[in-house]
Amino acid sequence: MRRRAEFERLILPHLPAAYNLARWLTGNPQDAEDAVQDAYLRACRGFDGFAGSDGARWILAIVRNTCFTMLRKGRMWRNVVRLETARGHAPDAIEAQPDSAPGPEDQLHAKREGERLHAAIAALPDGLREVLILREVEGFSYAQIAAIVDVPIGTVMSRLSRARKRLQEALVQDDEQGRRHEL
Amino acid sequence: MNCEDVQGLLGAYADDELSASDRLAVRGHVDGCETCARDVARIRALGRRVQALGRYPLPEGIERRIAALVDGAAQQPEASRWRSVRPSRIPVAVLLGSHAVAVLIGAIAVIAWLWLMPGKSPANGGREIVSAHVRGLLQNQFSSVESGNPHTVRPWFAGKTGFAPRVVDLAEAGFPLQGGRVDHVLGRPAAALVYVRRNHRITLFIAPHRAGEADPGDTGAGGSDGYHVVGWRDAEFTYWAVSDLNRAELHAFAALLGATVDRAGTRPPDP
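Protein sequence lines, in the order shown, are assigned to chains Z and U. 1 is the number of the first residue of the first sequence in my numbering; add one for each residue after it. 1001 is the number of the first residue of the second sequence in my numbering; add one for each residue after it.
Next comes chain U alone, as it looks inside the complex:
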């Protein structure tokens, strides 16, 4: 064997990955060739340097988060557990402050309206999404897990719902994540993520697909009562974003999530 013959094999030789016969042949050449011997030494030295870099250290608490995720995926949610998660009383604190009062009055109006017009709810469930959003606003805490850290919120969901949607913080884009809770929309458990834009809260409901369900699209729901619902789906989940935020900004929000959450290529509809 000459230098040209062994050139392509030096790496595997340095790694001790050659078959016995190849190894012997390469060694026969390398032992007598200073250049190739130096190449082998160089490959090994580089390997030691890369190895010395070591692994990236694990982020604080990741083991706990992964364990929570695994625990969550291991258990199937029971319908009864859902309801108990949601606090039902309206606390006094919410009644304080004019903003909260306004929210409350608006919410009651919407709920009353929804209550009175059950026959008209559209097939895509926009009304129900709005009322679930409002229900969230009425609660003491907007979220059961209060954290702006997606990596904490996600395993929490896995434990509560048995599925774990990707959670992204959009603080840099002006939609900080406030937290999450579990809810029940359109007859199934859903993760509800709460984001804020100025004084407006946005609830993002995420639930696994149901067979045969159509792409929700922009329901335009509640155009008259000031709530907008935008829906879309990806390979695994259906999403609804609902808020009293103006429609353009809600679409911008959905687009951000479409770009991050949605990996299947479906984009939220344009306004």
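So that you can see chain Z by itself, here it is in the shape it has in the complex:
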């Protein structure tokens, strides 16, 4: 590849975002890394065709397409372990949160909150989950998300609002259940 240096400058730095998206879409670390490796391989093969400057947009589009191809062509057999994630038990994101040294009770509360939110996001349909992550975690504009997901901006807008609505409903339900438990 002649443009190796450019690839390193424009594409490689987006690895954390790429992995995060793949991790949310595939639901487990093995498939996520598989997808990311696949995507980077495709990206460097097709890099000569990349003329733009928005490397993040470009690599993330490849990553999400790779993930969806993986999901569509049948989940891998080892995905039986996905159940865990489906139940909202996905500790690797939560536990990596830096502690700002609050008291143990606050910590516990924050952790429980985080886990509930995490589970609610994991339970979203793939198409809603990806726009939510791209918007709230990665901070992309609607136009960028539209380019990554390859849909019109209006679709991004409506998916995002559906995602938020579902999330809010799920969290409210959780709150009510939590209160009943405490009684």
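These aren't lab readings, by the way, just hints derived from the structure by calculation. The beta-carbon is built from N, C-alpha and C at its ideal position, and this holds for glycine as well. You may find that some hints are simply not true.
[Stated by the list, open to error] Now the in silico label distances, taken between C-beta atoms and shown as ranges:
(1) Asn1149/U with Asp126/Z: 43 to 49 Å
(2) Ala1211/U with Lys111/Z: 53 to 59 Å
(3) Ala5/Z with Ala1052/U: 31 to 37 Å
[Unchecked claim] Calculated cross-link-like contacts (lysine to aspartate or glutamate; reagent style DMTMM-like; alpha-carbon spacing at most 25 Å):
(4) Lys73/Z with Glu1236/U
(5) Lys73/Z with Glu1034/U
(6) Lys165/Z with Glu1017/U
(7) Lys111/Z with Glu176/Z
(8) Lys111/Z with Glu1060/U
(9) Lys73/Z with Asp54/Z
(10) Lys165/Z with Glu1004/U
(11) Lys111/Z with Glu169/Z
(12) Lys165/Z with Glu1249/U
(13) Lys165/Z with Asp1031/U
(14) Lys165/Z with Asp1022/U
(15) Lys73/Z with Asp126/Z
(16) Lys165/Z with Glu138/Z
(17) Lys165/Z with Asp1039/U
(18) Lys111/Z with Glu138/Z
(19) Lys165/Z with Asp126/Z
(20) Lys165/Z with Glu1060/U
(21) Lys73/Z with Glu1249/U
(22) Lys111/Z with Asp174/Z
(23) Lys165/Z with Glu1034/U
(24) Lys165/Z with Glu113/Z
(25) Lys165/Z with Asp1015/U
[To be verified] Derived list of chain U stretches under chain Z, where covered just means 3 residues or more per stretch with a C-beta under 8 Å from a C-beta of chain Z:
(26) 1012-1022
(27) 1065-1071
Model the placement of chain U on the given structure of chain Z, informed by the hints.
Same frame as chain Z, but now just chain U:
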């Protein structure tokens, strides 16, 4: 604008994604409507909570693996590099232990047989696949990269072969991955992955398609000398699984890989 008018726009308003005129119109309503103002605040609060979750941390060493993959894809393999990768001497260690001796004797017999019957090799290259498998067994190490971690093995291949097949560990299904090496089969470089089933080694050769090449299918090769070869292909690669394992289990192995490696819909043939 009333509540109904702005309802669909509140998200974009909270995200500051509206055109200037729409933004003004929505603000005009939101500023005077407690319900809609609360909705906007809720959307923003939710956004902050999701953002606070942060990204999933990167797995240990992934940067290195990706860099290796990119390096590998960047360089084209040269035919001369292939041969140097393969160790050529038969080490003493292999001669120790009755199992190894048995393997060796069997291997020599197969090689001798293959040597004597060159004219009969089938078009799909089953014989050559078997002899490449046996060659692997004769080597000091069965693999040049010894790792059961697919994410390590794959970039290693990218560096050696210029292509990087998907590597899956099938340990949970009873076929742990032992490692890999590069080989040369049917006139082209191939990735060779070594799996184990009980005492049987399975070599999975993976090479990019060649134009006009037929689907290898079950060659049934070496039925008499105890080796089986099962071949299949997907959109990018041709695969051959070869072992002295019984045919049913080799097919099961191929089916597992067909389900994981093969994303193009072609399945390995049924026994």
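| task | If any of the earlier hints don't hold here, list their numbers in rising order. | result | Hints 1, 5, 9, 12 and 20 are the ones this structure does not satisfy, whereas the remaining hints hold.
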